[in-house]
Every structure is written in C-alpha cells, then in structure tokens.
Amino acid sequence: MIPTPDLSHLTPEDFEEVYDPAEDTFLLLDALEHDVGTLKGLCPRLCIEIGSGSGCVSSFLAGILGPSHALYLCTDINARAALCTARTGAQNNTPLDPVVTSFASPLMERLKHSVDILLFNPPYVPTSISEASAAQDVSDGVGIASAWAGGMDGMEVTNQFLAFVDDLLAPRGLFYLVAVAPNNISDITTRMKDSYGLKSHIVLERRAGREHLFVIKFARPESA
Numbered sequence: 001m002i003p004t005p006d007l008s009h010l011t012p013e014d015f016e017e018v019y020d021p022a023e024d025t026f027l028l029l030d031a032l033e034h035d036v037g038t039l040k041g042l043c044p045r046l047c048i049e050i051g052s053g054s055g056c057v058s059s060f061l062a063g064i065l066g067p068s069h070a071l072y073l074c075t076d077i078n079a080r081a082a083l084c085t086a087r088t089g090a091q092n093n094t095p096l097d098p099v100v101t102s103f104a105s106p107l108m109e110r111l112k113h114s115v116d117i118l119l120f121n122p123p124y125v126p127t128s129i130s131e132a133s134a135a136q137d138v139s140d141g142v143g144i145a146s147a148w149a150g151g152m153d154g155m156e157v158t159n160q161f162l163a164f165v166d167d168l169l170a171p172r173g174l175f176y177l178v179a180v181a182p183n184n185i186s187d188i189t190t191r192m193k194d195s196y197g198l199k200s201h202i203v204l205e206r207r208a209g210r211e212h213l214f215v216i217k218f219a220r221p222e223s224a
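Per UniProt numbering, the sequence shown starts with residue 1, numbered consecutively.
Wrong hints could be hidden among the right ones.
Pair by pair, the computed Cβ-Cβ distance ranges are [what the hints assert, rightly or not]:
hint, residue 1, residue 2, range
1, 160, 1, 18 to 26 Å
2, 69, 38, 34 to 42 Å
3, 100, 195, 28 to 36 Å
4, 172, 95, 17 to 25 Å
5, 197, 1, 34 to 42 Å
6, 23, 64, 13 to 21 Å
List of simulated lysine to any residue pairs, SDA-like, C-alpha gap at most 25 Å [as the list claims (entries may be wrong)]:
hint, residue 1, residue 2
7, 40, 13
8, 112, 195
9, 193, 203
10, 112, 211
11, 40, 153
12, 217, 152
13, 112, 194
14, 199, 187
15, 199, 25
16, 193, 145
Don't read these hints as lab results, they were simulated from the structure. All figures in this text were calculated on a predicted structure; none of them were measured in a lab. Heads up, the beta-carbon is just placed ideally off N, CA and C, and yes, glycines get one too.
Whenever a hint applies, use it, and build me the whole structure from the sequences.
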C-alpha cells in the first residue's frame, strides 16, 4: 500500500480556505493506485491536475510513478491552494508546478493533445447556480467554496471543463474524474462518448455517508 502524502506542514488556517482531503480525495488516490501498472506503462511526460487544492493527489501520483522526467502541472483558481500545492510538493519531495488559473485556460494551445494523465476532483455538491457562480468568481477572491459548490446537479463546473478534455488528452492519455450519483454518471459517460469518442469505465466507487462516490476513467478507443 502506497502511503498518503505528508500534509503535516499545512495548518488549520490553510484548511479554512483550502479543501481538506476527504473521502473523495482518498477514493481518487485508491483509483490511481489501482491503475498504477497502466499509469507507469504510459511513461507520462505531462500530468495535469485541475483544482489541485492541497496538492495531495498530484503528490501521490508523482510518488507512485517514481523518478521520471514527467512535468506535474497543478492548476487552481484559489491562490492559497496553489501555495499549499507547492508546499506539499516540497514536503514530499515531489516536483509539483502550481499555476493560478481557471482550468488550464491560458495553456490550452500549448497543451493541445499532449496531456498523458489528467485529473479532476471537481466541486460536485449540488447547490444553487448563483452559489456556484459566486464561488468561482475570481474578482472577489475565491475560497474553500470553490472546491465544493457545484451548481445544478453539481455539474456546473464539471460541464464547463468536460468541453476541454478532448483538446487536452494525448492520443494515449487518460482522464480521471471524481463524481457523485446526483451528477448522473451515465449522462456524463454517454456525452463524452457521443461528443468526443472517449470511452469510459468506473475504476472504483464507494459510499461515504450520504454520498455515493465514483472515479471514472476516460480514454480514446485505441487506448481504452
């Protein structure tokens, strides 16, 4: 069993503004560990986590892949989260490069069809649309609500990002998405297949209190 990254350097004040790893985080870690042979077989050169928060997931990924020439980009609209990600990389001797941005917006042209491993644990909690929009509004500064407020069906932010996945993924690239039952898993997978030809399957699922969590993996048909 691969150890969870050390987050002892992060403070209670950090977690007032940055998402504290919870069951959804740990399910994603378990899914990555489940697929470790496949991930290592990719010999990835570019890994990107959208919404890296504490940096726990990317640090774990770098840890399971071991020494490599991979670049680990970590984006977050929360500047405090980007700082925490950088500190987590340093704490765990994993080379994380955080960028404060929405999704991978300013990097899209340079990253086109070049991302080998793409990770997203989105804000998936169903809320009002206005609450989700306010949580993502960088003009007022963003905080911890940006990590969980998901709008109608918890899909407002996820829907925006799904439109970018096909442009980002390398030919053999893999995309791991965390979702919950109210997000309508079958609708997500059907849409990604019909719109972009991406095949998918559920790597792991788990009940955590009232939530039924899933990690879905997407790939192009030739690498599925």
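We went through each hint and held it up to the structure:
no. : hint                    : result
1   : 160 <-> 1: 18 to 26 Å   : violated (35 Å)
2   : 69 <-> 38: 34 to 42 Å   : violated (19 Å)
3   : 100 <-> 195: 28 to 36 Å : holds (29 Å)
4   : 172 <-> 95: 17 to 25 Å  : holds (22 Å)
5   : 197 <-> 1: 34 to 42 Å   : holds (35 Å)
6   : 23 <-> 64: 13 to 21 Å   : holds (19 Å)
7   : 40 <-> 13               : violated (36 Å)
8   : 112 <-> 195             : holds (17 Å)
9   : 193 <-> 203             : holds (17 Å)
10  : 112 <-> 211             : violated (34 Å)
11  : 40 <-> 153              : violated (34 Å)
12  : 217 <-> 152             : holds (23 Å)
13  : 112 <-> 194             : holds (20 Å)
14  : 199 <-> 187             : holds (13 Å)
15  : 199 <-> 25              : holds (23 Å)
16  : 193 <-> 145             : violated (30 Å)
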